[in-house]
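Since the structure of chain A is already known, use the hints to place chain B on it.
Chains as they are written, first to last, in the numbering used here: chain A, 1 to 121; chain B, 1001 to 1183.
Among the hints, erroneous ones may be present.
Stated by the list, open to error - Which chain B residues face chain A? A few, computed with CB under 8 angstroms, are given here:
#, residue
1, Ile1116
2, Val1124
3, Leu1128
4, His1141
5, Leu1148
6, Pro1149
Said to hold, decoys possible - Straight line, CA to CA, 27 angstroms or less: simulated BS3-like cross-link-like pairs of lysine-lysine:
#, chain 1, residue 1, chain 2, residue 2
7, A, Lys68, A, Lys37
8, A, Lys37, B, Lys1142
9, B, Lys1004, A, Lys23
10, A, Lys37, A, Lys7
11, A, Lys53, A, Lys23
12, A, Lys37, A, Lys82
13, A, Lys103, A, Lys92
14, A, Lys92, B, Lys1142
15, A, Lys53, A, Lys103
16, A, Lys82, A, Lys103
17, A, Lys23, A, Lys37
18, A, Lys92, A, Lys37
19, B, Lys1142, A, Lys103
20, A, Lys62, A, Lys92
21, A, Lys7, B, Lys1142
Keep in mind the hints are simulated off the structure, nothing from the lab.
Cβ atoms here follow ideal geometry from the backbone N, Cα and C, with glycine treated the same way.
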Amino acid sequence: MLSRSDKILIFCLLSLACFLFMKPFFASVEVAQASIKVGNGPVETISLTMDRKFSIEGDKGKVVIEVKDGRVRVVESSCFQKICVNTGWINKPGQNIVCLPNKVLVTIEGKGSSKIDGMSY
Amino acid sequence: MNNKRILYISVLVALASVLQITESLFPHPLPWLRLGLANMITLTSLVIFGFGIAVQIAVLRTILSSFLLGTFLSPGFFLSFSGALVSALVMGGIYSLGSIEKSNPSSHYLFGLSIIGVSILGAVSHNLTQLFVAYLFLIRHKGVFLTLPFLILAGVVTGYVVGYGANYLSKEVRKIVVEDGKK
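One chain only, chain A, in its complex shape:
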């Protein structure tokens, strides 16, 4: 019942699916940079290869960010609940640290495998 073109179509789609499935395994997991955004301001990209500590000016005051061994964390923040500080180190693409009072968002950039951690409808 399947015509020849049907079989070709099925074969093409299946090989496309296989290719897309395999792709993340071959992708190089190079985590090189993180982006920092304050409020509606421009996104600043920082490299994670160089260890350093610096502070930025958030909405409520100072936020100290530390970069070490390809990871990044918020050391000190002028906010109330310290959720950003308690988030700790992040190093995987897609992970982020958020400080809502200061409107600071730190995200790891990269094309490595980023996992979905939850979905709900």
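For chain B alone, kept in the frame of chain A given last:
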């Protein structure tokens, strides 16, 4: 448009809605993974009544079944609506382009695809549209595209099953329509 046509459309829309609602009662291990039985009706109407009416039926059945399920204007409705619309357009496009090749009546469709091939393309385009809409409006995270291979795979399997069914259904419905036309 004569009354008989309207009658056929409404019966087909009702059938498609019933199929979609019945299907939603089955447990889905993954929220977006469904068989898409209602697509069988879209395919059948495409074969018998053509492009325009198939698209109308696809749009009407998503709206009607969402009213009955109580999901009208919910995120799920927009996913289902956009998916059904795009897959009907894709299948209709292939069908109308294919019917230019009238020289070979055994293969109606473009590139010699049978109804199963058209159904698979429809199912895959349905899944891809849903993924894209979900990315645009629900989860703005590139991670959702990791589900692409699974969606394509699911589209091929469900498209095959639905196309297989539509093949028989369209033959039966055509008999009824032809007999009815003689009266």
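Right, here's what the structure says about each hint:
no. : hint                     : verdict
1   : Ile1116                  : 6 angstroms, holds
2   : Val1124                  : 6 angstroms, holds
3   : Leu1128                  : 11 angstroms, violated
4   : His1141                  : 7 angstroms, holds
5   : Leu1148                  : 5 angstroms, holds
6   : Pro1149                  : 4 angstroms, holds
7   : Lys68(A) <-> Lys37(A)    : 19 angstroms, holds
8   : Lys37(A) <-> Lys1142(B)  : 19 angstroms, holds
9   : Lys1004(B) <-> Lys23(A)  : 52 angstroms, violated
10  : Lys37(A) <-> Lys7(A)     : 50 angstroms, violated
11  : Lys53(A) <-> Lys23(A)    : 35 angstroms, violated
12  : Lys37(A) <-> Lys82(A)    : 18 angstroms, holds
13  : Lys103(A) <-> Lys92(A)   : 21 angstroms, holds
14  : Lys92(A) <-> Lys1142(B)  : 14 angstroms, holds
15  : Lys53(A) <-> Lys103(A)   : 19 angstroms, holds
16  : Lys82(A) <-> Lys103(A)   : 13 angstroms, holds
17  : Lys23(A) <-> Lys37(A)    : 30 angstroms, violated
18  : Lys92(A) <-> Lys37(A)    : 18 angstroms, holds
19  : Lys1142(B) <-> Lys103(A) : 23 angstroms, holds
20  : Lys62(A) <-> Lys92(A)    : 25 angstroms, holds
21  : Lys7(A) <-> Lys1142(B)   : 31 angstroms, violated
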